[in-house]
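A.B. asks: These are the residues of each chain, in order.
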Amino acid sequence: MNFENLSFYLFAAVLIGAALSVIFSRNPVHAALSLVLAFFTAAGIWLMLEAEFLAISLILVYVGAVMVLFLFVVMMLDINLNRMREGYWNYLLPALIVSGIFLTELIVLIGGRVMFNKPADVPAAITSEGNTLQLGRLLYTEYLYAFELAAVILLVAIVAAIALTLRRRKDMKLVSSNEQFSASRESRLKIVSMPVEGGRREDPS
Amino acid sequence: MIDFLTPYLGNQLAFFSWTLIKVLAILIPVTLCVAYLTLAERKVIGYIQLRLGPNRVGPKGLLQPFADVLKLLTKEIIIPTGANKFLFVIAPMLSLMPALAAWAVMPFADGLVLSNIDAGLLYVLAITSMGVYGVIVAGWASNSKYALIGAMRSGAQIVAYEIAMGFALVCVLMMSGSLNLTTIVETQRTNLGLLGWNLIPLFPMFVVYFISGVAETNRAPFDVAEGESEIVAGFHVEYSGTTFAVFFLAEYANMILIAALASLMFLGGWLSPIPGIPDGFGWLAAKVAVMLFFFLWFRATFPRYRYDQIMRLGWKVFIPVTIVWLVLIGVLMRMDWWPW
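In order, the protein sequences belong to chains A and B. Position one of the first sequence corresponds to residue 1 (the numbering used here), numbered consecutively onward. Position one of the second sequence corresponds to residue 1001 (the numbering used here), numbered consecutively onward.
Calculated directly from the structure, the hints in this document are not laboratory data. All residues carry an ideal CB built from backbone N, CA and C; glycine is no exception. Among these hints, one or two may not hold up.
One side of the interface only, derived from the structure: several residues of chain A facing chain B at Cβ under 10 Å [as the list claims (entries may be wrong)]:
id: 1; residue: ALA43
id: 2; residue: GLY44
id: 3; residue: ILE45
id: 4; residue: MET48
id: 5; residue: VAL63
id: 6; residue: MET67
id: 7; residue: VAL68
id: 8; residue: LEU103
id: 9; residue: ILE107
id: 10; residue: THR132
Using 30 Å as the maximum straight-line C-alpha spacing, the simulated DSSO-like pairs for lysine-lysine come out as follows [to be verified]:
id: 11; chain 1: B; residue 1: LYS1145; chain 2: B; residue 2: LYS1043
id: 12; chain 1: B; residue 1: LYS1085; chain 2: B; residue 2: LYS1145
id: 13; chain 1: B; residue 1: LYS1085; chain 2: B; residue 2: LYS1043
id: 14; chain 1: B; residue 1: LYS1085; chain 2: B; residue 2: LYS1060
id: 15; chain 1: A; residue 1: LYS170; chain 2: B; residue 2: LYS1060
id: 16; chain 1: B; residue 1: LYS1075; chain 2: B; residue 2: LYS1060
id: 17; chain 1: A; residue 1: LYS173; chain 2: B; residue 2: LYS1316
id: 18; chain 1: A; residue 1: LYS173; chain 2: B; residue 2: LYS1145
id: 19; chain 1: B; residue 1: LYS1071; chain 2: B; residue 2: LYS1060
id: 20; chain 1: B; residue 1: LYS1085; chain 2: B; residue 2: LYS1071
id: 21; chain 1: B; residue 1: LYS1085; chain 2: B; residue 2: LYS1075
id: 22; chain 1: B; residue 1: LYS1085; chain 2: A; residue 2: LYS170
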C-alpha cells in the first residue's frame, strides 16, 4: 500500500464518518460542522483525482462561504429538537422508498462503470497543463453561452432573493449615510462665550 | 539533498521526511516572526504614544516575547460551565491551521517554495477562507453571549470583505495571466524596476486588498469582533492560557500572511525596486516588514469603526470599486493601451 492509497482510505473513512454524523448528530450545530468536514475531505479526494480546481472551489464556495452562513442561521435559531423528531416513524417508510430509488439510480449510473471497467487514466493534456487552465479555456470558448446563461440565472436568483426578503421596517433607527457625511460642526456644535463666575479670570481668546 | 536520506528510509519515507523538514524550515521562522511581531507591535505603539514599550526582559526587552509565551503556557485553561468541551478546545486550532497551511505555496525567492502549484492563489484564497470557522466555533462553544456576538460580527465582516479581496486578486491574475504565485511575481519583472510592479496599474486594488486584509485579520480599526469596550474581548473572552495563545498566534500569523501576499502580488515580491540592484529574499522581507508596520501604525492611529460603517465600506464602497477597476483593466488589456 503506497502513500496515495493510504491517504485515499483515510479521506474516505473520514468522509463517511462525517456524513453519518451530519444525519445522526442531535445538535444542529454539530451537524453543520460535520458537513463542513465532509466537504473538506471530499475536496481532498478530488485533489487526489487531480481535479484541483473543483477541489479548491468546493472549499472556497461551500466551506468558506455557504456553510458559514448556514452556521450563522443554525446558531441564531433556537431549534427545538424534540419537535423536529416528531413523526419520525411516519416519515420513515416514504424516506426509505425515496432513498432506495436514489441508490438504485446511482448504482445504475455510476456503479456499472466503476465495477466493470477500470477507470480511465487522467488525460495527459490535463496533467501537463493543469486542470484550472483547461477548465477555464473550455468554459470561456466552447461553453461560453451556457456559462453566461448560468451566470445570468444566478444573478436573477440573487436579486429575487433580496427582493423577496427586503422589508423596510418603520421603526428602524438607521441614519442615512448622506446625512452623516453632510453633518458639519456648525449644525451640531455652538460655542458660546460666557462670563466666568468668580475664580481665576482668563482671557477668552 | 534528499538523496542523502534515501538509503536509510527508502524512497517514499525519505520524500515524506524531507517535506516535513521543509515544512519545519518554514513554520519555525514564521513562529519566530510572530513572536517578534508582538514585540514590534508593543514597541512601535509605545513610541507612537511617546512611551518606551517593554524594555526589561533581556537586552532592550528583546526576550519579552519568550517571557510572554512562558507565562501563557503555564496558565490554567479554564473551560466555562455549559461550554462544548470538544469544540471549545478545537476552535483555536481551527483558526491557526489555515494561517499556517497557506504558507505551503508561498514563494520566498525564485524557486524557493515548498509546493509550486499552478492554482496557488486559489489555494491561498480557499485556505484563508476557512479561518473564520475558528472564530465562529469559539464564539458558539464558549456558551457566552459576548463571545457569540463577537463571533457573529467577525463572521459577517469576514464574509463581506472576502468578496472585495477576491475581486482585487482577480485583477492581479488578469495582469499576470496566471494563478501561480511565482509567475505572478515574475510577470512584474521589467527593466524599469519599481514602475513595473502591479502596484502602479492596480493601485486602488492594492488599497482595497490591504484594507480588506486588515478587516479579515480582525485588526484595528476593524476589530469589532474583539471590541473590548463593548463586548469585553469578543470571541476569545472565555479563553485563557495556551488556548488564548494559539488564537494570538493565529492572528499574527495571518497578519504576516496578508503582508507577504500583498508584497508578492502588488509589490513585486523578491524583485528589487531599482534596476541594477540584484533581486533576492531580502527585498521580500523588507516589503513584508513595511506592510506589517502599516498594520501596527493603523492600530495606533485609527479609532475603531462603527459596525454599520464597516458593512457599508465593505459592501457599498469596496465591491463597486473593484468591479469598476476590473472592467477598466479588462478594457485596457483588450485595447492594448498599455503604457509599458
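A.B. asks: So if I understand the rule, the pair passes when the alpha-carbon distance is 30 Å or less; does A:LYS173 with B:LYS1145 pass?
C.D. replies: The given pair, whose Cα atoms are some 23 Å apart, holds under the 30 Å limit.
A.B. asks: Classify the hint on A:ILE107 as holds or violated, based on whether any CB of chain B lies nearer than 10 Å to its CB.
C.D. replies: violated, 32 Å
A.B. asks: A closest beta-carbon separation below 10 Å is what the hint needs, so does A:LEU103 meet it against chain B?
C.D. replies: At about 31 Å, which exceeds the 10 Å cut-off, the nearest Cβ of chain B leaves the hint on A:LEU103 violated.
A.B. asks: Does A:THR132 meet its interface restraint, that is, does its C-beta lie within less than 10 Å of any C-beta in chain B?
C.D. replies: holds, 5 Å
A.B. asks: Just to be careful: measuring from the Cβ of A:VAL63 to every Cβ in chain B, is the smallest value less than 10 Å?
C.D. replies: Check passed: Cβ of A:VAL63 comes within 6 Å of chain B, closer than 10 Å.
A.B. asks: Would the pair B:LYS1085 and B:LYS1145 pass a check requiring their Cα atoms to be no farther apart than 30 Å?
C.D. replies: Roughly 17 Å between the alpha carbons, so the hint for B:LYS1085 and B:LYS1145 holds.
A.B. asks: Going by Cβ atoms only, is A:VAL68 closer than 10 Å to chain B?
C.D. replies: holds, 6 Å
A.B. asks: With the threshold set at 30 Å, check whether the alpha-carbon distance from B:LYS1145 to B:LYS1043 stays at or below it.
C.D. replies: The given pair, whose Cα atoms are some 34 Å apart, is violated under the 30 Å limit.
A.B. asks: Between B:LYS1085 and B:LYS1043, does the CA-CA distance stay at or below 30 Å?
C.D. replies: violated, 37 Å
A.B. asks: Is A:LYS170 within 30 Å of B:LYS1060, Cα to Cα?
C.D. replies: With Cα atoms ~60 Å apart, A:LYS170 and B:LYS1060 exceed 30 Å; violated.
A.B. asks: Is it true that the CA of B:LYS1085 sits at most 30 Å from the CA of B:LYS1071?
C.D. replies: Roughly 23 Å separates the two Cα atoms, so the pair holds.
A.B. asks: Sort out whether A:LYS170 lies within 30 Å of B:LYS1085, counting only the CA atoms.
C.D. replies: This hinted pair is violated, its Cα atoms lying about 43 Å apart.
Figure legend: structure checked against the earlier numbered hints; hints not met, in rising order: 2, 3, 4, 8, 9, 11, 13, 14, 15 and 22.
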